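**Student:** Going down the list, the sequences are from chains D and U.
Position one of the first sequence corresponds to residue -9 (this note's numbering), numbered consecutively onward.
Position one of the second sequence corresponds to residue -9 (this note's numbering), numbered consecutively onward.
For the record, the hints were derived by calculation from the structure and aren't laboratory data.
A hint or two may mislead.
Treat identical chains as interchangeable: a pair holds within one or across any two.
[Stated by the list, open to error] Straight-line Cα separation of at most 20 Å, SDA-like style, residue types lysine to any residue; simulated pairs: (1) Lys521 / Ala531; (2) Lys588 / Arg336; (3) Lys537 / Leu436; (4) Lys439 / Phe278; (5) Lys537 / Glu587; (6) Lys537 / Val319; (7) Lys80 / Thr284; (8) Lys537 / Ser7; (9) Lys571 / Glu625; (10) Lys588 / Asp544; (11) Lys658 / Gly205; (12) Lys189 / Ala126; (13) Lys525 / Ala322; (14) Lys658 / His173; (15) Lys80 / His117; (16) Lys521 / Gly321; (17) Lys537 / His170; (18) Lys537 / Val327; (19) Lys80 / Gly67; (20) Lys525 / Asn536; (21) Lys447 / Gln374.
This one's a predicted model, so the numbers in the text were calculated from it and none came from an experiment.
Here is what each chain is made of, one letter per residue.
Number of protein chains: 2
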Amino acid sequence: MTVTTESPRATEKFPASEELQLDTAALGEYLLGRWAEVRTRARALCERPEMWKIEGQPIPEHRARVLEQLGHLVDAGGVLLSFPKSVGGKADPGGNIANFEQLVLADPSLQIKSGVQWGLFGAAVMHLGTEKHHLAFLPGIMSLETPGCFAMTETGHGSDVASIATTATYDETTGDFILHTPHRGAWKDYIGNAALHGKAAVVFAQLIVRGENHGVHALYVPLRDEKGFLPGIGGEDDGPKGGLNGIDNGRLHFTNVRVPRENLLDRYGSVDDQGVYSSPIESRGRRFFTILGTLVQGRVSLVGAAAVASQLAMTIAVKYGVVRRQFPVPGADTEQVLLDYQQHQRRLLPRLANAYAMTFAQDELLSIFHEVFSGEKDTEEERQDLETLAAALKPYATWSALDIIQGARESCGGQGYLAENRLSTLHGDMDVYVTFEGDNTVLLQLVAKRLLGDYAKQFKGADFGTMAGYLADQVGEAAFNRSGLRRLAQNVADFGSTARSIGYVRSTASQRQLLTDRVHTMVADIADHLKPASKLPPEEAAALMNKHQAALIDAAWSHAELVVWEAFTHAVDRMEEGDNKQVLRWLRDLHGFTLIEKHRDWYLMKGRLSAHRAEAITDYINHRLLPRLRPHALELVDSFGLAEGHIRAPIATGEEHERQEEARAYEKGLA
Amino acid sequence: MTVTTESPRATEKFPASEELQLDTAALGEYLLGRWAEVRTRARALCERPEMWKIEGQPIPEHRARVLEQLGHLVDAGGVLLSFPKSVGGKADPGGNIANFEQLVLADPSLQIKSGVQWGLFGAAVMHLGTEKHHLAFLPGIMSLETPGCFAMTETGHGSDVASIATTATYDETTGDFILHTPHRGAWKDYIGNAALHGKAAVVFAQLIVRGENHGVHALYVPLRDEKGFLPGIGGEDDGPKGGLNGIDNGRLHFTNVRVPRENLLDRYGSVDDQGVYSSPIESRGRRFFTILGTLVQGRVSLVGAAAVASQLAMTIAVKYGVVRRQFPVPGADTEQVLLDYQQHQRRLLPRLANAYAMTFAQDELLSIFHEVFSGEKDTEEERQDLETLAAALKPYATWSALDIIQGARESCGGQGYLAENRLSTLHGDMDVYVTFEGDNTVLLQLVAKRLLGDYAKQFKGADFGTMAGYLADQVGEAAFNRSGLRRLAQNVADFGSTARSIGYVRSTASQRQLLTDRVHTMVADIADHLKPASKLPPEEAAALMNKHQAALIDAAWSHAELVVWEAFTHAVDRMEEGDNKQVLRWLRDLHGFTLIEKHRDWYLMKGRLSAHRAEAITDYINHRLLPRLRPHALELVDSFGLAEGHIRAPIATGEEHERQEEARAYEKGLA
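Make a model of the complete structure from these sequences and hints.
**Tutor:** Next up, the structure:
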C-alpha cells in the first residue's frame, strides 16, 4: 500500500514509512565508505578491551595505559599506512586517516596521542624533512622507539603560528643552530608527549641565518634521555584538562640548545655548509603556507573523529530512547517510550541526520585528501581546495559533534551524566577539538577569505560594462527585496493549503538553491561592504574588515553547511532505488529542512521565502519528517555498525531494556 | 561632549561611551541584591583555600575533601539559616539560598553536596515532618552528625516521581512500615551521600495502608552504622560522572526493611496507632503536588548557582580577553587584543548581558521564594506562582550557564581547556544541572501547562458572544498576517534610513511589547490547536498534545526569556541616573536585542517586524551596542566583585598580562 502525501505534483507517492525495512547491513557497508576495509579493521582493534578507556581512571594510570595502547597500534600495523615505502610504510594517506579516526571509539586520548606521534610528529618529519631525515628518524617514530612531540604552538601564539617567538639562529662558527626561547610567552605549550613520554620533538622556530629571519621552519630536536631532559631543555606538565587526560600535554623551553645543521627539516628551506640559506619556494609567505599545509592532515582526521564520535553518541542516545519509558500514556496501562515524544524526536533525529551528513562529507574530504597527498592530483590549486575544504569542515564537524554529544547526553537524563554511559566524558574529550589544530573561528575566516577571493576573481579584468551590470543587479536586487515585491508575489502564489507552499522547498533542487543562494548572497553582500578597503590605509582597512567579521564567519559557516548537505545529497543520489534510499532521502530532507529552518530569518529578510512557506517548514519537520523517520531510528543507528565493544554504555546494550521488562512484569502482577 | 546617535526623536542624545566611568563598587553592591550581607559572608568563606576545588584530584580524595568542607560550613553557621528557631535555626529561607548559591565559587560539588544534606535531606524532614521529627532528626542533620540522603529518584523514574515503585506497606500486626524495592528499576539512584557517607535517608515510597495506595510519602530511614549498611539495605556506587565527582552518588535498595511508624514524615499524611491513614489534604493529586512543592527550594538554589557560575565564567573570559593578543594589527607594531575583534565581542558581550540578567532575575525569584517560605505571603496562589516561576527560571538559568561557560571556554582557546583555568571542568560540573531537580524539558512543560491554563481562564464562563469575538480576532489576525498587510505597511513606513527603522525597536516599551506579544501569541496559537482535545478520548488528546509538544516548550522558554528580561529592566529602572545606569541600559538593550534577533524568524513570519527592521537589529548590535559596551567590559565583570580567591584561573589573575608585557618588551628590543 502506498499513501499519497501532500505534494506539488499530485502523482508523487510515498510508501508508508512503517512498510519500509532498512537493510542495515547494506547501509552499514555504504556508510563505511571508500576505506571500508581499513575502517573495519580499525574497529575490530577498538573492540579489544585493552584498548578501551577506563572512565574515571586516575590521570597517571590513564597516561600510562594510552602509551601502552600506542604499542598495540604499532603491533597492529595500522600506523604504517601513512609512511613512505622507503622506510617500510604503505603510502596510503587516505587509509591512514580512515584508520586513525576510528580510534575515538576506543578512547579519544588514544586517537589524539597517536595523532601526535604519527600524524603530527611523524608527518612533520615525512613532509618537511627529506630522505636523510626519513631514514634517520622515521623507523624510530614508526616503532614508537622514539615517542615525540610536535612543538609548534606557544603559550603566546596558537592560531597565529607566523608570530611564534622561538628562534633557531645559525651559528656560522660551529655550523649548528642555537634553539632558544626568549620569554615565557614563547614556551611551547599544550604539547602532547611533552610532559612525560617525548624523547624528541619537531620544534618550530623562526630561522635566523646571517641576521636574516627566513620565517618559521622546523627542526628535529632530541629532548630526553633516560635521565630526563637534555641540557638546556626544560618544561612542565600542563596538568589536568577538561578531557583527553590520557595525554601528557606539557610545556617546553630551550635555553641556547645546540642543534646540528642536518636536523633542520629542509624540504622547503635549507642552510648549506657555507651557511647560505636557500629554498625552493621564493616567496616567504607562500613558503610559510606550504610548511603549514602539512597541518591539513590533522584537520581531516579531526573531521573523521568528530563524525565517528557523533555516530557513537547517537547510537547510545537512540538505543536508550527507544526502550526507556517515562510518564504514563493516558488511556493506556503503560508508560510512553521517550522517542515517541515529539520533543525527543526533535532533539535526536536532526542530530542523527547530521551525523549521517558528516559521515558522508568525511568520505568525500578524505578522497580529495588522498588524491592530493598520494600525488594522484597534487596541483597547487587542488591543495588550496583541500585546505579550504578542511578549514570549513573541521569547524563544522567539531562543533556539530559537541552539539550532538550534548544533545545525546541530555536526552539520557541522569544516566547520560554517569561516566559509564560515556556521553558526558565524551563531550569533555571532544571539547578541545573546536579550538586546537586551528581554532574554529580562525579557520572559518580562512574560508571566508577564500570565498571573497573567488568572488573577486569574477570581476578580475572585467570591463566597466560587466562591473556596472553587476552593480545594477545588486541594486536591482536590493530594491526588489526592500519593496517586498518578491515576497508578496510568493504570498499570492502560496495562498491556500500548506501543502502547496511546502512543495517548492521539498525538492532537492530547491534545497540546493536556497542553501547556495544564501552563501552567494552573503559573500556578495560582504564584498560590497568591503569594497572601499582597497583604497584605505591598512589600519582602516583592517577596521572595516573587523566590522564585518561576524558576517564573514557566518558566510563561511553557511558554506560549510552547503558542502556537507551536498555530500549527503551525493550519497543519496548514488544509492540504488529501494527502502534504504527512501529513508535516507527523508533523512537528508530533515537535514536540509533543519538548516533552512535555522536560517529562516535570513530567507525571510531577503525575500527568499514567504512567511507562509517559512512557517510550513517547521510543520513539515514536526508532522511529516519526524513521524516518518521515528520508526527507522533504531535501524539508522544500527547501520553505523558499532558493536557492543564500541558502545559499552550499559544503557545502550540491553540493561535498560531488561529493567523495563522487569518493571512491566511487576506492574502486571500488581494489576 | 555628547554625540547624537540615530534616534526616533532627534532630541535624544547619548554620552560617548568612552567618557562614562562605571562605579564598580556601587554596581557591585547593587548586584549583590537583597541578601548582600549573606552573600558577602558566603563569598569570604569561599576565598579560604581549604574550601577550593583541587582540579584533577582523584575521586576518593575529592569526596573526602568535600565532606570535610561540609564541616567548615557547619562551623561557619550558614547552614542554620533555613532551619526553624525551635531547633536553633534562623528561619531565613531566602538568606539560606543566597548563602548556598555562592558555594559554587568554591566547588560545585560542595554546593550540591551541601544541598543534598541541608537543602534536600534536611529540608524534607523540616517541610514534610512535624515537630517530633524536627526535634529528633534536625540537630544531627544540622551538625552533620548524620549525613543523609534524599532518596526520591529511582533508576526507572526520574522526572515522573508519581510512578516510583518503592513501597512502604503498613504492617498492622507489628505497627511499622515495610520498606521494599520490588525490582531493579525501583532502586534509588543518583542519590548524593548514598555511596559512602549517608547514615540516614528520607526515602520516598508509595504508602500502602490496608491494601490502599495513598501515593508517594516520605519516611526517615537509618541506613548505615559503623559497620556499613543496616540489614536489608544495599546499594552501590554510581561511579565517576561527567563532573561533581566530589559527591558520592550511589544507588540504594531495600529488602523488606522495617521502619517504625513514627518515622513517616507525616505533615501531609499520617497513620495512627489504629492503622488508619489520614491527611489534611483530601485530594491525592493535590497532596502529591504539595509534597513535591518542597522541591522548589532546590530549583531556586540552582538558578542562583547558575547565575554565580556564569559570573565566574564571564569574569575569567573577559579578563583574559582584554589582555590576550593574537595576530598583528595591520599598520601597527603590535598585536590585537582579543576583545577588540568583533566576533569575540559577539561571543562574550551578549553572554555577559545574560549573566547580568540572570543575577537580577535570581534576586527577584529569591524574594518571592522568601515571602512564601517565611510565611509572609504563603497563599495557594502565591505558591503556584513561585513554582511556575522556578520551573521557568531553572531551565533558563542552567541552560544559559552551560552556554555561557562553553562560550567562555572557547574564547580562551587552549588555556580554556586546562583545568587550572576552570572553565572546561566548570562545564562538566554544571552539566547535570539541566537534567536534575526536574529535567529542564519536563519543567518547561509544567510552565506551558500553566500558561495554557491562565489563557483558558479568560474564556471560563464566557458567553458565546465573547468566544465568537475572540475567534473573529484570531481569524482576523491570521488573515491580516497572511496577506502580509502589516508587513507591507511597515516597509513603507521604514523606507529610508536604518536609523528610523531601528528607532522603534530600541525603546524599552517596544522590546517589552515584542517579547510579550510573542509569548501571548504562541500560547494562543497552541491553545487554538489544542481546542479539540477536550472532546477526544484520552489517547487521542495526548497524541494531539504531543503533536504540539515542541511548540509548548518553545512558548514556555519564551516566557522565561520575558521574565528574565523584565527582571533586568526592573533593575535598570530602579537605578539612579548616571553612568552606571547608562551602561546597564545598553547592556539590557543588548540582552533584549539578542533575544529579538534570535527569534527574528518568528517576528517576521507573524508580521511583527519588517525585513528592514529585522536586518537593522543585527546592525545595531554589531555596530552600536558592542562598540559602546566594549570599553566597559572589564568594569562590568569587576562589578561582579569576585576576588582572586574566587577566580583562581591563572589567565585571569595577571599571568597573561605579565606574559604580554614581557613579549612586547622583547619585541621592542628586537626592533
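**Student:** Indicate, hint by hint, whether the structure satisfies it.
**Tutor:** Hints, verified against the model:
no.: 1; hint: Lys521 / Ala531; verdict: within (10 Å within a copy, 58 Å between copies)
no.: 2; hint: Lys588 / Arg336; verdict: both (13 Å within a copy, 19 Å between copies)
no.: 3; hint: Lys537 / Leu436; verdict: within (17 Å within a copy, 43 Å between copies)
no.: 4; hint: Lys439 / Phe278; verdict: within (17 Å within a copy, 61 Å between copies)
no.: 5; hint: Lys537 / Glu587; verdict: between (27 Å within a copy, 18 Å between copies)
no.: 6; hint: Lys537 / Val319; verdict: between (53 Å within a copy, 14 Å between copies)
no.: 7; hint: Lys80 / Thr284; verdict: within (18 Å within a copy, 66 Å between copies)
no.: 8; hint: Lys537 / Ser7; verdict: between (49 Å within a copy, 18 Å between copies)
no.: 9; hint: Lys571 / Glu625; verdict: within (13 Å within a copy, 57 Å between copies)
no.: 10; hint: Lys588 / Asp544; verdict: both (13 Å within a copy, 14 Å between copies)
no.: 11; hint: Lys658 / Gly205; verdict: between (76 Å within a copy, 18 Å between copies)
no.: 12; hint: Lys189 / Ala126; verdict: within (15 Å within a copy, 64 Å between copies)
no.: 13; hint: Lys525 / Ala322; verdict: between (73 Å within a copy, 18 Å between copies)
no.: 14; hint: Lys658 / His173; verdict: between (73 Å within a copy, 13 Å between copies)
no.: 15; hint: Lys80 / His117; verdict: within (15 Å within a copy, 71 Å between copies)
no.: 16; hint: Lys521 / Gly321; verdict: between (65 Å within a copy, 19 Å between copies)
no.: 17; hint: Lys537 / His170; verdict: neither (38 Å within a copy, 66 Å between copies)
no.: 18; hint: Lys537 / Val327; verdict: between (49 Å within a copy, 15 Å between copies)
no.: 19; hint: Lys80 / Gly67; verdict: within (10 Å within a copy, 69 Å between copies)
no.: 20; hint: Lys525 / Asn536; verdict: within (16 Å within a copy, 58 Å between copies)
no.: 21; hint: Lys447 / Gln374; verdict: within (15 Å within a copy, 64 Å between copies)
The structure fails to meet hint 17 from the earlier list, while all remaining hints are met.
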